[in-house]
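Modelling step: build the complete structure from the supplied sequences, incorporating the hints.
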Amino acid sequence: MTPILVAEGLTKRFGALTAVGDVSLDLRPGEVHALIGPNGAGKTTLMQLLSGLLLPDSGRILFESAEITRASPAARARAGLGRSFQITAVVAGFTALENAALAAQVTAGSSFRFWRAAARDMALTTAAMAALEEVGLAPRAGVRAGDLSHGERRLLELAMVLAARPRALILDEPMAGLGHAEGIALTGLLARLKTRLPLLLVEHDMQAVFALADRVSLLVEGRLVITDTPAAVRADAAARAAYLGEEA
Amino acid sequence: MSTPPLQRPSEHPTIAWTLFAALAAGGLITGDAYLASLLTKAMILALAAISLDLLIGRAGLVSFGHAAFLGLGAYTAGIAIEEGVEETLTILALTVAVSAGFAAITGAIALRTAGVYFIMITLAFGQMLFFAASALSQYGGDDGLTLWSTSTLLGTGVMQSDGGLFLVILAMLALGWLVAGRLAASRFGRVLAAAKEAEVRVETLGFDPFAYRLAAYVIAGVIAGVAGFLLAHEAEFVSPATMAWQRSGDLIIIVLIGGMGTRNGALIGALAFVGLEEGLARVLDEWRLVFGPLLILLVLFARGGLSSAIDAGLRRREAAA
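Those protein sequence lines, which keep their order, are chains W and Z. The first sequence: position 103 = 102 (numbering that gives the first Met the number 0), numbered continuously. The second sequence: position 253 = 252 (numbering that gives the first Met the number 0), numbered continuously.
Derived from the structure by calculation, the hints contain no laboratory data. These numbers were taken from a predicted model, which means no experiment stands behind them. Please note: incorrect hints may appear among the correct ones.
What the hints assert, rightly or not - Estimated spans, in silico, between C-beta atoms of each pair:
#, chain 1, residue 1, chain 2, residue 2, range
1, W, ARG69, Z, GLY163, 54 to 62 Å
2, Z, LEU279, W, PHE113, 44 to 52 Å
3, Z, ALA210, W, ASP21, 29 to 37 Å
4, Z, LEU88, W, PHE113, 19 to 27 Å
5, Z, GLY154, W, ARG69, 54 to 62 Å
C-beta: ideal position from N, C-alpha, C; glycine also.
The following block contains the structure:
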């Protein structure tokens with residue numbers, strides 16, 4: 000199967016520090032590909048390179064066979080590569096519905112519309128409600144995002160990414176700061192999503208990683224140590240020593 | 000389905016329409032020429048402030064050169080009239096084109112920067128225009144240009160009669176107010192407001208904030224340009240002072256007094272500003288000594304400006320009822 004997202008030999012240096020060194024990985028249709036590694040391993044830098052917030056020093060990135068190595072974050076998103084954040088980035092002054100509707104604007108016609116009230120735009124509202132429904136936030140649609148709980152904001156973040164109808168998703172620690180029950184609910188949601196949307200997942204929660212992932216890549220000091228099935232990675236002695244030691 | 004908008008009580012259209020009616024009464028019915036000229040000045044400033052609030056309040060772009068557009072509109076009208084163009088609509092179209100052009104070019108450069116640099120670069124563009132106007136010796140240079148006649152609207156004298164001009168200015172103000180409200184609630188306005196609060200989020204959703212901000216800058220520039228066009232007709236005189244940085248400062252102060260991100264606020268702020276300036280000047284020679292500290296107190300203690308005070312008042316009344 001042709002991978003939807005391909006990174007080839009990505010390298011990013013900050014001065015003398017090689018944050019990401021010669022990393023190649025891909026994301027295939029229908030899978031969850033989890034990226035794990037200790038703090039400072041370069042996971043976040045790699046996410047930034049893939050979503051366009053940083054540009055690599057060398058290497059290239061292909062999305063649906065088109066090169067996007069130097070494309071802007073906005074262009075990547077419009078092409079269908081969605082991205083959620085580790086630090087929740089919702090618009091606090093907007094309601095949950097308005098946040099999701101904003102995301103829906105990306106794929107529901109031009110946003111250079113100056114006159115008609117966006118709140119009365121049925122195409123936006125329908126798409127936004129569907130996304131809120133999907134993550135279970137529909138009853139909270141009218142609440143200001145700033146007044147939602149942390150867990151709800153994480154879900155809203157995901158709803159926003161979904162409302163833009165992406166064809167692949169990069170999720171940066173979606174479980175961060177969630178309670179146990181919320182984490183399990185989100186794991187279920189992501190498992191449902193992956194059947195129609197491949198997910199590249201950076202996650203610290205090993206339980207979630209091993210429950211969800213079809214393949215796991217381990218990043219240590221900016222380098223990719225292994226990419227394999229969860230079972231194989233778990234079995235890998237080097238991996239255990241490098242990262243899973245205290246958790247496995 | 001739709002959720003109830005999170006509208007502030009002070010943003011209720013009734014407040015603005017009441018003010019428009021009061022302005023019409025004050026300017027047309029009382030027959031007080033002095034009051035009418037004061038209200039005209041306030042209305043023109045209000046129109047410019049509403050446009051500046053689109054930038055400051057909605058888009059988070061603090062432009063310190065907004066009076067440049069006021070001056071640009073005034074000079075476009077003044078020079079066109081001096082050169083023999085008589086039709087109001089032709090001059091208005093020229094004003095729109097010149098303001099949009101200047102906004103597009105300077106905005107494209109200024110919007111490469113953010114924060115303090117944006118403030119400084121817009122100030123620099125404003126000063127550039129100020130000195131350019133001062134050097135226009137064939138159009139009065141430093142002294143400004145007196146207009147011996149103003150334009151004619153479709154061959155009529157509407158723009159030359161005091162009452163007609165007052166109504167045109169009031170109508171333009173109401174139109175600007177309407178446009179600002181529609182813009183804020185539109186798809187475009189949402190992207191703009193979201194980019195102010197969460198720029199990276201908006202970018203990673205697939206919007207290019209620069210394009211939206213530039214469009215907002217051009218729209219605001221055109222509205223302020225039209226305000227300048229009206230100013231030239233009202234004063235029958237244009238001078239570089241119109242686009243001095245102090246005037247840009249006044250506009251920012253009006254937005255702050257009224258409350259950022261509220262079109263009613265810009266309206267109320269302009270009326271309060273002109274009223275305060277005029278009232279203090281009557282009782283005190285050194286009125287600026289009082290005016291300055293008053294503004295500082297207002298900014299310190301009424302963070303959201305007068306519209307926040309109105310919000311609080313209306314909410315209290317609602318709670319009591």
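Inset, instruction - Mind listing which of the numbered hints don't hold for this structure, in increasing order? - result: 2
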